[in-house]
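Student: Residues per chain are reported as follows:
Protein chains: 2
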Amino acid sequence: MPKAVAGPEIERLIQLLARLPGLGPRSARRAALHLIKKREQLMAPLTDALDTARERIVICKACGNIDTQDPCTVCVDPKRDPSVIVVVADVADLWALERANAVNARYHVLGGTLSPLDGVGPQDLSIDALVSRAHDPAVTEVILALNATVDGQTTAHYITDLLHNANVKVTRLAHGVPVGGELDYLDEGTLSAAMKQRTLI
Amino acid sequence: MPKAVAGPEIERLIQLLARLPGLGPRSARRAALHLIKKREQLMAPLTDALDTARERIVICKACGNIDTQDPCTVCVDPKRDPSVIVVVADVADLWALERANAVNARYHVLGGTLSPLDGVGPQDLSIDALVSRAHDPAVTEVILALNATVDGQTTAHYITDLLHNANVKVTRLAHGVPVGGELDYLDEGTLSAAMKQRTLI
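These protein sequence lines are chains A and B, in that order. Following this note's numbering, the numbering of the first sequence begins with 1 at its first residue and continues without gaps. Following this note's numbering, the numbering of the second sequence begins with 1 at its first residue and continues without gaps.
Incorrect hints may appear among the rest.
Where chains are identical, the list cannot tell them apart; a pair therefore holds if satisfied intra-copy or between any two copies.
Restricting the straight-line Cα-Cα distance to at most 25 Å, the calculated cross-link-like pairs of lysine-lysine (BS3-like) are [what the hints assert, rightly or not]:
(1) Lys37 <-> Lys61
(2) Lys196 <-> Lys38
(3) Lys37 <-> Lys79
(4) Lys169 <-> Lys61
(5) Lys37 <-> Lys196
(6) Lys79 <-> Lys61
These are computed hints drawn from the structure, not numbers from a lab.
Here chain A stands alone, though its shape is the one from the complex (with noise of 0.2 Å):
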C-alpha cells in the first residue's frame, strides 16, 4: 500500500500484523481493516489484552511452559503424575498434548530442537535441566514427545544418551496411521513404522 493512502500509522500496523505466522502481506491488510472497523469491539479489546499478556505473562522456571505464575499451573497441579516428565520442543506441543488430554504428567519445554544446519546446539536448549530433572529419584520415566522430524529425532538421541545414567526409562511416542488417515495417503515409512508396531485387538 503506497504511503500516500493511508498514512504511516495504518501502514506500521499492516506491517506488524504481517509479521505474525500465518498472515502474510495480503491478510495483514484485512485485518488490519477489519481491526479498524471493529474499533471498540475488537481492536479495544486486544489492545488490552495484549497489554495484559505482556505485563503478567512469564515463563516457568521449573518446566519453561508459558503462564501467568512461576512455577507454572501444570507443574503446581498435585493431580499430575510426578513420576513422568513429558519432553516437548514448543509450548504450542505442550499446549496440543494437553488439549488431546494425552497424558496427566509434567514437562519439559526444550526451546526447540538441534539444528545444525540453522546452528541450534544443545546449549541453545534447556537441555541441562531436563538432566538435571531426571535425576530426580522420584522421576522414572521420560517420555520424548518430538516431531518425527529428522531434526526431533536428532534430539530424541541426543537426549536419549544423556539421559543413559539416569536411573529413568525413556519412551517416545509411538509411530503409525493417524487416527482417521487413509492409508491411501500415507508416506511409506508411516505404514512399515505402523505394520511393525501392528497392536492385537
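Assemble the complex: chain A is given as a structure, and chain B must be docked to it using the hints.
Tutor: Quick look at chain B alone, frame taken from chain A:
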C-alpha cells in the same frame, strides 16, 4: 486449550486473535505464542501501533476512505483527476487499486454491496452521497470498480440506474483473462467475455 494450562489472559488473547480474518483457532494460538516469545520486538510495538491507530484513524467524510486525516490524503491530493470518481465496495478494494497504480482519481467507498439475502439494502450503503457527488458539474465519469459477483453486479446496475439523470459517463472494469492466467483454468463466462471484448494487437 484448557484453562488450567496457560491461564485466562493467554486464552483471552488467543480468542481475540482468532477473530481476525485469516486466523483460525489453531493459527491464533501460534500467533499468540509468537507474540509472547517476541515480547519486546513484536508484542510491544504492535500494542503501541494498535493504540495509535485507535486514537488517530478517522473515516473520510467525502469518500469513506480510512485515514488519519479528514478529508483523506486521496481526496485532498491536487494531482488527482477531479473529473473521475472510482466507486469501490470496500477500502480494501481502494487499496488494491492504489497498489496496482490503476487509476489516478478520487474514490467513493460504498461500504459493501447490495445483498438482499444478507439484508443489505441501498440505505445501508453510501449511495446517496455518491449520487450527490456525481451531480457535481466537475465530475464527468463514474467508474464502477465492483466485484464481478452477483452482488457486485446488482449494485452496479442499481447505481447505473440512479445516475441516469446525472451528466456523467458510467463505466465498469473490463472482464477478461487475468494477466498470467491460463485459459484452461478459466470459467466459460470469463472466456466468452474475453473473446467478445478482444482488442487489436
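Student: Compare the structure with each hint and give your call.
Tutor: Okay, the hints, checked on the actual structure:
In this assembly of identical chains, the alpha carbons of Lys37 and Lys61 lie at most 25 Å apart only when taken from different copies (15 Å versus 41 Å within one copy). In this assembly of identical chains, Lys196 and Lys38 lie within 25 Å of each other by CA distance neither inside one copy nor across copies; the values are 54 Å within and 42 Å between. With identical chains, the CA atoms of Lys37 and Lys79 are never at most 25 Å apart, being 45 Å at best within one copy and 29 Å at best between copies. Taking identical chains as interchangeable, the C-alpha atoms of Lys169 and Lys61 lie at most 25 Å apart only when both belong to the same chain, with a minimum of 24 Å there against 70 Å between chains.
Within a single copy, Lys37 and Lys196 get their C-alpha atoms no closer than 56 Å, and across copies no closer than 40 Å, so neither meets the 25 Å cut-off. Taking identical chains as interchangeable, the C-alpha atoms of Lys79 and Lys61 lie at most 25 Å apart only when both belong to the same chain, with a minimum of 20 Å there against 60 Å between chains.
Hint violations for this structure: numbers 2, 3, 5, all remaining hints satisfied.
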